[in-house]
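J.: As a plain string of letters, each chain reads:
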Amino acid sequence: MLERVISFDPAAYSLETIQRAAYRYIDKFSIGFNVKEASIDCILQFDKEVDDLDGVIQDFRKEVLDQHLRARIAKETESIRHLILAHAFSRTGLV
Amino acid sequence: MLKLGGKVIRIEVAGGATEVPKGDRTLVVISTNPRLPRSLRERSAYLVRAGVTEIPSGFGHYLQIGEAAKIDFGELENWQRVTSLSDDFSYLEDGDIIRLNSARGEIRVLYRKSSPHNTIMVTEQCQHYCLMCSQPPKEVDDSWLLDEANELIRIMPRGTGELGFSGGEPTLFGERFLETLRLTKALHPGTSIHILSNGRLFADRRFAADYAQIRHPDMMVGIPIYSDDPATHDYVVQAKGAFDETLRGILNLKEFGQKVECKRPAVPPGSREVSVL
Amino acid sequence: MSKFLPPESFAATGAYDLLPFNFTRLEGDSYLATNMVGESLIVDRSTLDDLVNKRLAPSHPSYTDARAKHLIAEKGDKASAELLALKTRTRYQRLQNFTNLHMFVTTLRCDHSCQYCQVSRQSEDKGAFDMTLEMADKSLDMVFRSPSKAVKIEFQGGEPLLNFDLIRYIVSKAKVRAAAEGRDLEIVIATTLSLATTEILEYCRDNHILLSVSLDGPSDLHNKNRPRPGKDSYQRFVANLQAAREIVGYDRVSALMTTTLASLPRVREIVDEYVGLGFEGIFLRALSPYGFAVKTRVYAAYDTEQWLKFYKDGLQYIIELNQAGIPFREYYTTLILQKMFTCADPGFVDLMNPAGIGIAAVVFNYDGSVYASDESRMLAEMKDQTFRLGSVLENTYEEIFLNEKLLSTLEESFTLSAPMCSECAFEPFCGADPVFSHAVYGDVVGRKPASDFCKRNMAIFRHLIQLMREDREVEALFRRWSALC
Chain A
1 MLERVISFDP
11 AAYSLETIQR
21 AAYRYIDKFS
31 IGFNVKEASI
41 DCILQFDKEV
51 DDLDGVIQDF
61 RKEVLDQHLR
71 ARIAKETESI
81 RHLILAHAFS
91 RTGLV
Chain B
96 MLKLGGKVIR
106 IEVAGGATEV
116 PKGDRTLVVI
126 STNPRLPRSL
136 RERSAYLVRA
146 GVTEIPSGFG
156 HYLQIGEAAK
166 IDFGELENWQ
176 RVTSLSDDFS
186 YLEDGDIIRL
196 NSARGEIRVL
206 YRKSSPHNTI
216 MVTEQCQHYC
226 LMCSQPPKEV
236 DDSWLLDEAN
246 ELIRIMPRGT
256 GELGFSGGEP
266 TLFGERFLET
276 LRLTKALHPG
286 TSIHILSNGR
296 LFADRRFAAD
306 YAQIRHPDMM
316 VGIPIYSDDP
326 ATHDYVVQAK
336 GAFDETLRGI
346 LNLKEFGQKV
356 ECKRPAVPPG
366 SREVSVL
Chain C
373 MSKFLPPESF
383 AATGAYDLLP
393 FNFTRLEGDS
403 YLATNMVGES
413 LIVDRSTLDD
423 LVNKRLAPSH
433 PSYTDARAKH
443 LIAEKGDKAS
453 AELLALKTRT
463 RYQRLQNFTN
473 LHMFVTTLRC
483 DHSCQYCQVS
493 RQSEDKGAFD
503 MTLEMADKSL
513 DMVFRSPSKA
523 VKIEFQGGEP
533 LLNFDLIRYI
543 VSKAKVRAAA
553 EGRDLEIVIA
563 TTLSLATTEI
573 LEYCRDNHIL
583 LSVSLDGPSD
593 LHNKNRPRPG
603 KDSYQRFVAN
613 LQAAREIVGY
623 DRVSALMTTT
633 LASLPRVREI
643 VDEYVGLGFE
653 GIFLRALSPY
663 GFAVKTRVYA
673 AYDTEQWLKF
683 YKDGLQYIIE
693 LNQAGIPFRE
703 YYTTLILQKM
713 FTCADPGFVD
723 LMNPAGIGIA
733 AVVFNYDGSV
743 YASDESRMLA
753 EMKDQTFRLG
763 SVLENTYEEI
773 FLNEKLLSTL
783 EESFTLSAPM
793 CSECAFEPFC
803 GADPVFSHAV
813 YGDVVGRKPA
823 SDFCKRNMAI
833 FRHLIQLMRE
843 DREVEALFRR
853 WSALC
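Protein chains in written order, with my numbering: chain A, 1 to 95; chain B, 96 to 372; chain C, 373 to 857.
Worth double-checking, as some hints may not be accurate.
Stated by the list, open to error - Per the computed footprint, the stretches of chain A lying under chain C, defined by three or more beta-carbons under 8 Å from a beta-carbon of chain C, are:
| id | stretch |
| --- | --- |
| 1 | 20-27 |
| 2 | 77-87 |
Unchecked claim - Label-pair ranges, simulated between beta-carbon atoms:
| id | chain 1 | residue 1 | chain 2 | residue 2 | range |
| --- | --- | --- | --- | --- | --- |
| 3 | C | G554 | B | K335 | 47 to 57 Å |
| 4 | B | P129 | C | Q465 | 41 to 51 Å |
| 5 | B | E137 | C | K755 | 18 to 28 Å |
| 6 | C | Q465 | B | D119 | 37 to 47 Å |
| 7 | B | G153 | C | A673 | 24 to 34 Å |
| 8 | A | Y23 | C | A716 | 27 to 37 Å |
| 9 | A | S39 | C | L398 | 27 to 37 Å |
| 10 | C | G400 | A | R4 | 16 to 26 Å |
| 11 | C | L636 | A | A38 | 48 to 58 Å |
| 12 | C | L779 | A | L2 | 37 to 47 Å |
Hints were generated in silico from the structure; no laboratory data involved. On a predicted model such as this, the values are computed, not experimentally measured, just so you know. Note that beta-carbon positions come from the ideal geometry of N, C-alpha and C, so glycine has one too.
Model the full assembly from the supplied sequences, consistent with the hints where possible.
T.: Written as structure tokens, this is what we have:
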């Protein structure tokens, strides 16, 4: 079994963001977290042969960046999203 | 004026077969599409124009216009046929349908895809013998024409806007003609139908009711009336009692909510024309 | 002095708010961003970053697109949110109707013995495998409890024509009730056509019944897939297809195809067969992981990758046919394109959210039991009764449709909240298929990264987008497909 540790800066990324990103990779590796003051360490365990280990890790890092951006959109648009859904179903008798 | 029928220059069978099958009347759809899928090729005739060198394989039939185009028989399977046509037929296009009679060496163009008004002649028989008729009726059993019409309808391209039926008098086939109309509706639900008829058979209420029962959304009978004077009309069509029967036919059709178009064609000089209908 | 103001007077200001949208990486540096109703935009990573962080300049071409597609709204754009609400409502409009497809399994008996078939029986025992009149009556009572104005009844089997008397019985009763209640009634029979007679076809014509028939490909492939006594399934099909078209109507007969291992290398021949028989499109379907297909290992015979290759090759050939002047469509692609280009939901059970089970369709089985979908009853044949909602003989309408399992499944699998689905840019094009997830993974949500359903559909979405980006002609063709219904 292969193991790798990669770290993120908690000032820039929340644990939740990293967890969301990790979910997409549950078919490739399992993950454990070591949350410290200065870094969030992710322990990735690859349980089978992976062709391009570095490529997967790089993709995972990009995914964390993406999740960070998604969190930003979600936060900023939460109220308008509820407004839109409420308006959409307001006259249908659905809700 | 396009030449719609006539003799072919020759019909040959590939693979060295010496004899062309006798009495063989086939309808083929013309294709000019070298990329036609295999599954459609066997029943299509590929049209080779002068100067064409690349000839796609697998078509059931090949047509070459003039002597300029030469098909290499070595490339063909022994059941495939090549028919040479004169330049008169160079107007043929993709989707047109022709009848080839190999025994007689004849071709007849039955359907033109680019024409908005294709009409099928289903019989040459008629109860009338009109003074000015361009194709006087023949007293022969030509019910093969109706069979051929059915076959044409089966292979006609989808999306045909309008289809006409004429004769002779198409309704003389009675129920069999209605079957052809039903077939057209089933296979080409979007195609309008126009029937050229003298309308006399519709005087039979049962027949008119069966016709209406087809429930076609866009089907019309065009009926010529030559005069408002029964005697004149009957004289023009050379049939006593015709006027009366035609009028009763129209009344029945209207009663069953059917579309009827009364035509007033030119009449021979000296006859009384229709003034009021 | 002109009364007209110059364009600059109306130019975008650059002060904007984000509207809700998702994004997913396509390949390399490019990203697909879609809003709640599937309006989309392709941007590179740095543009995306600028867009989200509100640094995108109004002069950037993506700015105009993002504003037009309602991913952002300028301060003062009050219509955007309302438009999104309106389009969202259109997307979910179908829900109001609740169930409108009612499948009746009139018999499990069949004259074919296809190895991938989940349910059919080779039996003469009508008592054991035919629906009774009492069950039919009770099922009809449930059908007419549906609030939907449009009622669709589909006869399934087995081979439903083996119990045609029951079809007549149900049709005549349904017609009377539909007329009395002012509902639109549509009736479909799913059949191989092998037992169709002129009398049956005339009945279908007179009662405006649609036929959904089965064609797997060229003669040898079809007969291999669909064995029956006489080994003449294909020959019967071709003859009866012509008869059905001539009697019932050309446009009243549509065909469905099943992809087996033997089909995989032959997609072009299969498409050719459909073209040759005058069909205007084909539905390239993957085998479902249910019933006998699992038991006999036919399902396991090929994986998602192999099926995708089959699908992509087939689609490529269909595009070539169109370019060669032969109009022809792939229907699964068309359904997805409709979701991509319009805000109307075509209502295909596998690509619906909330999941189509129980909502889009319900199955009244030959033995009186009610299932949430066709797949559910197939699962039940494998002794998994998870999605059995009840029995028409024992339960009330409320007991069946307010079934706890059905409601919780719908809720859990809802793609706007399911993990990964809720943040996926393809979500507006996709759907939830909880029965699939349950059958393969044991839970209704499914672990998306490992899910074949997710893998297959994501691969298709990516492929379609790539085809359109590479070739404007393909995009134009795809737009035409989506516009035809």
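J.: Now look at each hint and say whether the structure bears it out.
T.: How the hints compare with the structure:
1. 20-27: holds (count 6)
2. 77-87: holds (count 7)
3. G554/C with K335/B: 47 to 57 Å: holds (54 Å)
4. P129/B with Q465/C: 41 to 51 Å: holds (47 Å)
5. E137/B with K755/C: 18 to 28 Å: Hint violated: Cβ distance 49 Å, outside 18 to 28 Å.
6. Q465/C with D119/B: 37 to 47 Å: violated (58 Å)
7. G153/B with A673/C: 24 to 34 Å: holds (32 Å)
8. Y23/A with A716/C: 27 to 37 Å: Since Y23/A and A716/C have Cβ atoms about 32 Å apart, the given range 27 to 37 Å holds.
9. S39/A with L398/C: 27 to 37 Å: Given a distance of about 31 Å, which is inside 27 to 37 Å, the answer is holds.
10. G400/C with R4/A: 16 to 26 Å: holds (24 Å)
11. L636/C with A38/A: 48 to 58 Å: holds (54 Å)
12. L779/C with L2/A: 37 to 47 Å: holds (43 Å)
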